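Asks: Chains P, H, S and V, in that order, give the protein sequences. Heads up: the first sequence at position 94 corresponds to 94 in the working numbering, and the numbers run straight through without jumps. The number in the working numbering is simply the position in the second sequence, starting from 1, with 348 added. The number in the working numbering is simply the position in the third sequence, starting from 1, with 629 added. The number in the working numbering is simply the position in the fourth sequence, starting from 1, with 897 added.
Please keep in mind that the hints were generated in silico from the structure rather than gathered at the bench. Bear in mind that the values here come from a model prediction, so they are computed numbers and not experimental data. You may find that some hints are simply not true.
Restricting the straight-line Cα-Cα distance to at most 25 angstroms, the calculated cross-link-like pairs of lysine-lysine (BS3-like) are [stated by the list, open to error]:
hint	chain 1	residue 1	chain 2	residue 2
1	S	K751	S	K732
2	S	K809	V	K1033
3	P	K123	P	K86
4	P	K123	H	K390
5	P	K2	P	K39
6	H	K536	H	K460
7	H	K568	H	K488
8	P	K86	S	K786
9	P	K86	P	K39
10	S	K809	S	K692
11	S	K881	S	K751
12	H	K582	H	K536
13	V	K1052	P	K123
14	S	K698	S	K683
15	V	K1052	P	K39
16	S	K767	S	K749
17	P	K86	V	K1052
18	S	K868	S	K888
19	S	K767	S	K868
20	S	K751	S	K809
21	V	K1052	S	K786
22	S	K672	P	K337
23	P	K344	S	K672
24	S	K749	S	K873
25	S	K650	S	K672
26	S	K786	P	K39
27	S	K683	S	K672
28	V	K1033	V	K947
29	H	K582	H	K568
30	S	K786	S	K767
Now the stretches of chain S that chain V is said to cover, found in silico as 3 or more residues with beta-carbon under 8 angstroms [unchecked claim]:
hint	stretch
31	764 to 778
32	857 to 864
Beta carbons: idealized from backbone N, C-alpha and C, even for Gly.
Each chain is listed here by its residues.
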Amino acid sequence: MKVLDANKLSDLAAALAAAGYRVVAPVRDGREIRVQEWKPGAAIDTSAVPVNSIKEFLFPRCEVIARYRLEGDDFSPEPVATDAPKTAALAVRPCDAAAMVILDKVFNPGTAGVPWPDGWEYKDDAWNARREATTIVPVVCTAADQDCFCTSVGGAPDATAGADAVLRSADGGRKFILQPLGPKGQALVAAAGAVLAEGDAKADPPAQVPVRFDAKAVTEWCGGNFESPLWREVSLACIGCGACAYCCPTCHCFDIQDEATRTESVRLRNWDTCGLSLFTLHSSGHNPRPDQASRWRQRVMHKFSYFVEKFGSLACTGCGRCARLCPGGMAIAQVCKEIDEARKAAVK
Amino acid sequence: MTLATYQSAMMKIVLARDEAPDVRTLRLRFAEEADRARFFQKYRVGMFGLYGVPGAGESTFCVASPPTRTEYIECTFRRTGRVTAALADREVGQAVTFRGPYGNSFPIEAWKGKNILFIAGGIALPPIRSVIWNVLDRRKEFADVSILYGARTVADLVYKDELAEWGSRQDVRLVTTVDPGGETPDWKGRIGFVPTVLEQTAPSSAHTIAVVCGPPIMIKFTLPVLTKLGFPPKDVYTTLENRMKCGVGQCGRCNVGSVYVCRDGPVFTLEQLKGMLTADM
Amino acid sequence: MEIAEALRADAARLLAEGRAKLVIGYQARGPHRAPAFISDPAKVNVLVYDNLCKQNLAVYLRKPEVRLKGPVAIVATPAVMRSLMVLAAESQLTEATVLAVGKDAYHGVLDLAGAAALLKEKYADLAPEPELLEALAKLNALSPEARARFWTGQFAKCTRCYACRAACPGCYCQRCIVEKNVPQWVSAAAAQHGNYAWHVIRAFHQAGRCTLCGACEAACPQGIPLMLLNLALSEEVAKRFGEKPGYDPAAKPVVGSWKPDDDQGFIR
Amino acid sequence: MAHTESKTTEPATGFQPRIVAYVCNWCTYAGADLAGTSRLRYPPNVRIIKLPCTGRIDPLFILKAFEGGADAVLVSGCHPGDCHYTSGNYHARRRWALFRRLLEVTGIDERRLYFSWVSAAEGRKFADLIADVTEKVRAAGPFEPANPARRQPWK
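Just chain P, same shape as in the assembly (with noise of 0.2 angstroms):
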């Protein structure tokens, strides 16, 4: 087996950008743990869960989908260059990994066994160019804190869904072994060459993730209670904002908007939420989720009901961020625990 000391992941990442990768990795900046693209002399940091997760790599924040060339009243169509850059994501986090597979069936039906309507054809050529080139090679976690949710959701923490390598924590977190686990995963160990040593180490326990809520229940539940009171009782900390959307790994809706110069416009793919009151604006006034209650609704059922029934598998790993995050204190892993309970006491 590969493996490597414990101190030396910066090396690795050094072996593999000498390899022609751009690495991302988890580094600490100033109070946070960011995943960014590692630079010689960056440490990285697998103590805790990032900030960010690896979505914003294949998914970007802002993006340009379209160009045009604008003289006076006319324009002119111009090529739009997708960045598709070789990137290994190096000691992510295996619930990132897992919500690679779930974002792979938006924005590439057809092909990840989604049951799709006939004909249907339009796969985000940016985002499968990225996920092509992207070798994701997540970390066990060692370690959980009380937002980790992973197991509740049908994760984890040694998950290795969506993972082309997995690097292991081993001899009571001295060394690291890198499994690979397909080609992508082979092609880098090969890239990484002498910073893995072949040896023999022990794999340290993953973490224990206490199971918070049973999720198929809260899929039922939320089957038939789209009118029930708990939204608004649940919903009433919640303050508005996107936080627990961006630094979601499965959250993927988007908006599409136009910015010009006087020669130049760009026609862009910026991150958007349900959580915002403007999501779903009409232009008339009316607003078919006129209060945070409609609009936290969506977020659960988007994830625990809606992609269940549309793609088959719930939109949530259970990284826990957006409940470490939330400046309202909320949590969906407790809000779907009151589901279960609620559907408990219903049965009762």
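Please build the complex by placing chains H, S and V on the supplied structure of chain P, with the hints as guidance.
Replies: Then chains H, S and V, alone, in the frame of chain P:
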């Protein structure tokens, strides 16, 4: 690399017409024959597209012209925001962008031989105008055709020339109405809200398909009347217009429950709507 | 936990007497402190109070769903009380029922005037944390180019989630300038110039109104040091106009009022 | 407004600053007019944008100018007491005092942002002001291309 999904066709405005205060129709010709051919290969009545002006953005409207007219497409829209203002300010000869057609369509092939009742309110006539013309262009294939169209005021009625044309045809029964107070001294149509006038005219539901489109408040009060008149929910069609950005089932904006209006709609039967979370509409 | 106990007793009493139909306070959720919304006097036991209770609860007073459940009583730290004063001064609220908590003290149930008196008497000398003052002094000492580089790095983190806006009791506009698109003043894209314009305008729209409660920075999931902007402005407001917002429920807005002898040394 | 653009003006003669001047209709614009009709010379580096009153000059305007790559911004209106709308300039004065501090702390310092009172009678003051500001901005050099206020080319 080009992002095929978001690639728009270049369109030239060949005709622009003001329909009502702030309501404008643009007739667009495809600059490239390949784009035109691709469009009409796919286009069925009821589908929509995204019309854009670089620098302002894209807006979603139904294609208001029928697939039986293959040289151009038309759209009719109200000037309400940044994009619609930019579109409205474009002049004949200038260009706009278009991508589509997207969404599903009215199954008019299955309606052959049946009576068809169109009910529309205000700016919601354009989405079913394409159906009306499609049916009229193939008039012999259908039985009775009735149109009930209402608007807030006489000035707000769109397609006035076409209303006159439909009204003068022997093979179309047209009823126009304006809201109380919206009439002019020389107004010859009815006065009253669409649901009320529908109830008064009480069209037969036998062998009849109803196609309804209007603002949410009109829909809300019209559907019960149709039910009362005996229309089975599976024979009542409507087209939803939620806010959309991508048009292709990704951006998550047009969700009504698990339904993506852009992908699973915009055409729904009342039967389908009943199973949907209409509170989210 | 004496403060919490006193809070619970008063909260229960207000609810039982009908003086409040909803009490907003803090509850524990693991290591976090989350807002608690209590309308049943039997449920006041979830209320806690300790130095982790930092969220500015005044933000909920503008939320329609919360208002519907009112009249509201709110657990208020001095920071929250100062926000209430600003809201009152800006005609956003006319009265308040406050369960006033201080650093190590519980001051009981107060109305708006009582809270104002308490602030003036006991909390007139609230000052920013020394770390913040030091950070701003360091920033001030840099060259303009270095300051620009600093902010380029900070604003690059911004995802435009608008948590800073949503967490701020003072950001109560129905439609924010950044959401207006005819014309589009601030680019909506989470990229350099739009992020800069957003943060500068957000801070500026708080000029003379910001009470330095820190809610915006605490809310920022990306850790952008927004308080440096707020503090720079607050210092300028104090220095130029002698104002410290959040003490007088009838104060005139600092920006929006003027004096003939305002300093104009910078104008030629 | 959406149509500003970033372009550094560097003709063969060296750096020519681009200065955007937001002026009020009643005083400074008239002052600039007087400078013109009096045939006073001043550098052609200033682009004047006329607004009804300094009270109407939103800080967003200033940001927009920098976003498009202006090397400096000048804001000018009626002297205190002379405002056509009584107090627009007093309001503006407070706003500017705070806004310039905000820009300073984010890296746009006083070499890039100027304020003045120029009355309709002060054609000479206007010409001298523009000459002086142009010199100062020339000395400061072009607005840094990487400044966070500036629009960067879209990738």
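Asks: Take the hints in turn and mark each one as holding or not.
Replies: Against the structure, the hints:
A threshold of 25 angstroms between alpha carbons decides the hint, and for S:K751 with S:K732 the separation of about 11 angstroms falls inside it, so the pair holds. Distance hint between S:K809 and V:K1033 is unfulfilled; the C-alpha atoms sit about 36 angstroms from each other, more than 25 angstroms. At most 25 angstroms may separate the alpha-carbon atoms for a hinted pair to count; P:K123 and P:K86 meet this at roughly 20 angstroms. Between P:K123 and H:K390 the CA atoms are separated by roughly 18 angstroms; this keeps the pair inside 25 angstroms, and the hint holds.
With a C-alpha separation of about 24 angstroms, the suggested pairing of P:K2 with P:K39 holds against the 25 angstroms cut-off. Of the supplied pair hints, the one linking H:K536 and H:K460 is violated, its CA atoms being roughly 32 angstroms apart against a limit of 25 angstroms. The straight-line distance between the Cα atoms of H:K568 and H:K488 is roughly 33 angstroms, outside the 25 angstroms bound, and the hint therefore fails. For the hint pairing P:K86 with S:K786, the CA-to-CA distance comes to about 23 angstroms; that is within 25 angstroms, so the pair holds.
This hinted pair checks out: P:K86 and P:K39 have alpha carbons roughly 16 angstroms apart, not beyond 25 angstroms. Of the pairs offered as hints, the one joining S:K809 and S:K692 holds, with about 21 angstroms between alpha carbons and a cut-off of 25 angstroms not exceeded. A threshold of 25 angstroms between alpha carbons decides the hint, and for S:K881 with S:K751 the separation of about 23 angstroms falls inside it, so the pair holds. Between H:K582 and H:K536 the CA atoms are separated by roughly 34 angstroms; this puts the pair beyond 25 angstroms, and the hint is violated.
A C-alpha spacing of about 22 angstroms is found between V:K1052 and P:K123, which places the hinted pair at or below 25 angstroms, so the restraint holds. Taking the CA atoms of S:K698 and S:K683, the gap is near 23 angstroms; set against the 25 angstroms cutoff, the hint holds. Note on V:K1052 and P:K39: the hinted pairing holds, with a Cα-Cα distance of about 21 angstroms set against a maximum of 25 angstroms. Taking the CA atoms of S:K767 and S:K749, the gap is near 31 angstroms; set against the 25 angstroms cutoff, the hint is violated.
Using a Cα cut-off of 25 angstroms, the hinted pair P:K86 and V:K1052 holds, with the two alpha carbons roughly 17 angstroms apart. In summary, the hint linking S:K868 to S:K888 is supported, as the alpha carbons are separated by about 14 angstroms, within the 25 angstroms threshold. Pair hint S:K767 plus S:K868 holds up; C-alpha atoms about 19 angstroms apart against a cutoff of 25 angstroms. A distance of roughly 42 angstroms separates the Cα atoms of S:K751 and S:K809; the hinted pair therefore is violated under the 25 angstroms criterion.
Taken as a hint, the V:K1052 and S:K786 pair is honoured in the structure, with Cα atoms around 18 angstroms apart against an allowance of 25 angstroms. Using a Cα cut-off of 25 angstroms, the hinted pair S:K672 and P:K337 holds, with the two alpha carbons roughly 19 angstroms apart. Between P:K344 and S:K672, the direct Cα distance comes to roughly 21 angstroms. Compliance with the 25 angstroms bound is thereby established for this hinted pair. Annotation: proposed proximity of S:K749 to S:K873 holds, straight-line Cα distance about 11 angstroms (limit 25 angstroms).
For the hint pairing S:K650 with S:K672, the CA-to-CA distance comes to about 13 angstroms; that is within 25 angstroms, so the pair holds. With a C-alpha separation of about 16 angstroms, the suggested pair S:K786 and P:K39 falls inside the 25 angstroms cut-off, and the hint holds. Between S:K683 and S:K672 the CA atoms are separated by roughly 22 angstroms; this keeps the pair inside 25 angstroms, and the hint holds. Among the hinted pairs, V:K1033 with V:K947 is consistent with the structure: their alpha-carbon atoms are about 23 angstroms apart, no more than 25 angstroms.
For the hint pairing H:K582 with H:K568, the CA-to-CA distance comes to about 17 angstroms; that is within 25 angstroms, so the pair holds. Simply put, S:K786 and S:K767 have alpha-carbon atoms about 21 angstroms apart, close enough for the 25 angstroms limit, and the pair holds. A stretch counts as covered by a chain when three or more of its residues have a beta carbon under 8 angstroms from one of that chain; for the stretch 764 to 778 of chain S and chain V the count is 9, and the coverage holds. Counting residues of the stretch 857 to 864 of chain S whose beta carbon lies closer than 8 angstroms to any beta carbon of chain V gives 4, which reaches the threshold of three, so the coverage claim holds.
Going down the numbered hints, you'll see the structure goes against 2, 6, 7, 12, 16, 20, while the others check out.
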